[in-house]
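Student: Residue numbers (the UniProt record's numbering), protein chains in the order written: chain Z, 1 to 134; chain H, 1 to 134; chain R, 1 to 134; chain P, 1 to 134; chain W, 1 to 134; chain V, 1 to 134.
Fair warning: there could be bad hints in the mix.
Result set (DSSO-like, lysine-lysine): computed pairs, CA atoms no more than 27 Å apart in a straight line [said to hold, decoys possible]:
| hint | chain 1 | residue 1 | chain 2 | residue 2 |
| --- | --- | --- | --- | --- |
| 1 | V | K79 | V | K126 |
| 2 | P | K126 | P | K79 |
| 3 | V | K85 | V | K126 |
| 4 | R | K132 | Z | K126 |
| 5 | V | K79 | H | K85 |
| 6 | H | K79 | V | K132 |
| 7 | R | K132 | Z | K79 |
Just so you know, these hints were derived from the structure itself, not from any lab. If you're wondering where the values come from, they're calculated on a predicted model, not measured in any experiment.
Protein chains: 6
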Amino acid sequence: MRLPRLLTPSTVVRAHCDLPCGVYDPAQALIEAQSVKAICDKYQANQDPEFRSRALIIKEQRAELVKHHLWVLWTDYFKAPHFEKYPELHALFNEATKLAGASGAKGSADPAVADQLLTKIDEISKIFWATKQN
Amino acid sequence: MRLPRLLTPSTVVRAHCDLPCGVYDPAQALIEAQSVKAICDKYQANQDPEFRSRALIIKEQRAELVKHHLWVLWTDYFKAPHFEKYPELHALFNEATKLAGASGAKGSADPAVADQLLTKIDEISKIFWATKQN
Amino acid sequence: MRLPRLLTPSTVVRAHCDLPCGVYDPAQALIEAQSVKAICDKYQANQDPEFRSRALIIKEQRAELVKHHLWVLWTDYFKAPHFEKYPELHALFNEATKLAGASGAKGSADPAVADQLLTKIDEISKIFWATKQN
Amino acid sequence: MRLPRLLTPSTVVRAHCDLPCGVYDPAQALIEAQSVKAICDKYQANQDPEFRSRALIIKEQRAELVKHHLWVLWTDYFKAPHFEKYPELHALFNEATKLAGASGAKGSADPAVADQLLTKIDEISKIFWATKQN
Amino acid sequence: MRLPRLLTPSTVVRAHCDLPCGVYDPAQALIEAQSVKAICDKYQANQDPEFRSRALIIKEQRAELVKHHLWVLWTDYFKAPHFEKYPELHALFNEATKLAGASGAKGSADPAVADQLLTKIDEISKIFWATKQN
Amino acid sequence: MRLPRLLTPSTVVRAHCDLPCGVYDPAQALIEAQSVKAICDKYQANQDPEFRSRALIIKEQRAELVKHHLWVLWTDYFKAPHFEKYPELHALFNEATKLAGASGAKGSADPAVADQLLTKIDEISKIFWATKQN
């Protein structure tokens, strides 16, 4: 699997620490979303019913982890000044977590849906890293 | 927290996919280990007993995640040819997971112990990325 | 423990079903937050160090469940038209989940902090039930 | 989904606190059982194999939560005097948790089985609230 | 740690299979309860506050696993004819799970409390193995 | 289900305690692997698609527990002198956990694969008990 080009530059692992266990990194959500995408690709390429059942079981778990890691960023990393500077942030996170849920990557095994999720996480990731440079 | 220099270059997020959900990345273990390190730093700097209890609770969880992510790499990513080429790999993973456990970062709140864990994960990480280039 | 008066009327359990497993109820977050409040009360009334350690362990778990149940409501129940009608909803959920986290009921054993969390959940609960009547 | 009439009156959320984290409420089991029921309804109405696999995955999780919440009530809330006054309580809980398991709502996607579970939880709920009024 | 004599004869691992995943063995609860006992012993022998906090964190988890494994036996393995033949079974399980909870091994670090739990599990274990021989 | 003869003699539950919560027993991995085997048998004997989906869901969970219990033994119980005396131990654990994963009992519902896993756990079990007698 080749990652869409836009995802690679911003995901170097860095650490941040302003609270108990204050290490945040969008890579956690991104890795799980890449897993979701890979599962969709393999699901479409394989008709075996046992394989497909397993793919859906695992995709459900990975997509739940995407939601969890995004929720943590939204609640624990981003603060009031960030939401003032980036007023679209709330909607971005709400849409991204919806894209990982029943109306997105949980409810669909279409790789294109997983790509939408990856793109949305990349938008969040860009804002995240921009806030680290101030 | 500044990361030790040696950790940064090899941890760009990439994806690998040769099995169902075949995305592996040492960054998952690394991020949790960075969290363990940050918790140790804050623990040493804070005498409040409530804060310290919380730090130990959270450190226990994060260190367990370090072990889990390393175990997954050892069992699911690395294959027989890797172990032939890198005969030290088994011991490296055994030592790294011990360093995340009772005799390491779970059993100690000393940041130096967490640093040993980070260094060991970096050794694994270098081998991991070397195997991706062949 | 007496519940603040304002919490009781809106929390009759009802069910909603417009998606796979589409049952939502703010009572799930509320019950866990009541537990957090009760733990804080007992923590303040008991000096035994074993009891206090256990209280902090359990409070951490319950507060995490509060966050989880609120995140589920925010992502899975509420839709675009709700956010248009109640533009304060995003901030309400962000503040409520922060109040359950490190800067709120996880980071403090003060019953007054738990009360702030209960009040915020009640605000969300009122909007939730208002959306059910249309 | 309309709830059976008999379920609604007894499920106002209240709190109880006689032990560390002593908040108990049958609503926790009830909400998960309502979810199981809703999943069965949707399963029967939808022939898509992906949807059906997801419904079974989620039903398994929700039914497990029903069992867990009921077990907690049986072990942690109810005391010896309750079991003396309501000698049928042990059997009620055993039957209810069986109805959430392999021989009940886990093993079947029939909404009628989920209804039996809801009815059994309602019997437990009535006894629970009766014990609160003494 | 030497196990009390009465525990050893009945705990040979055997398998039973009359339902999906129908393998039951009281050894699962017993091993976790032995862990709880060992933690209590070490807690009493060590005054280091970090060690003691960790002991309480881990004891809480192990005791929860004891409860879970016992609940599974009570709901999933034992059937109506067993409860007729052994009318004390319901109370035995209720007392055993209470002994693993707040009023028992969770709420106390006294090895004598853990011993009571081990004894109660042994009583259950004897009945379990008796039902296997018919 | 009859267990292969070779598995029974070495699995008497014993306890070991040289670290916080130092109770180890290969029976934990073995019981879950027996469950995986039983699920495979029932899967092959039943064509009902709902039953088969549930079997795959539960097999995935049980196989994950096999991996977890084996990883714990490998990291937490076995020490450097053990690995010197039994140089095949690393490979044994790596193969056993692979046999519980995607290339083994997770990826296949063939009872013969589950038997290979049981045999491998028995090899580990024999070494484990041999180390207890010194």
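Student: Quick one, are K132/R and K126/Z close enough, alpha carbons at most 27 Å?
Tutor: 37 Å, violated
Student: Taking only the CA atoms, is the gap from K79/V to K126/V under or equal to 27 Å?
Tutor: 16 Å, holds
Student: Is the Cα-Cα distance between K79/H and K132/V 27 Å or less?
Tutor: Roughly 31 Å separates the two Cα atoms, so the pair is violated.
Student: Would the hint linking K132/R and K79/Z be met if the CA-CA limit is 27 Å?
Tutor: Distance of about 31 Å is beyond 27 Å: violated.
Student: Holds or violated: K85/V and K126/V, Cα atoms, limit 27 Å.
Tutor: The hint holds at about 14 Å.
Student: Given the hint that K79/V pairs with K85/H, does the C-alpha gap stay at or below 27 Å?
Tutor: 24 Å, holds
Student: Holds or violated: are the alpha carbons of K126/P and K79/P at most 27 Å from each other?
Tutor: Between K126/P and K79/P the Cα gap is close to 16 Å, so the pair holds against 27 Å.
Going down the numbered hints, you'll see the structure goes against 4, 6 and 7, while the others check out.
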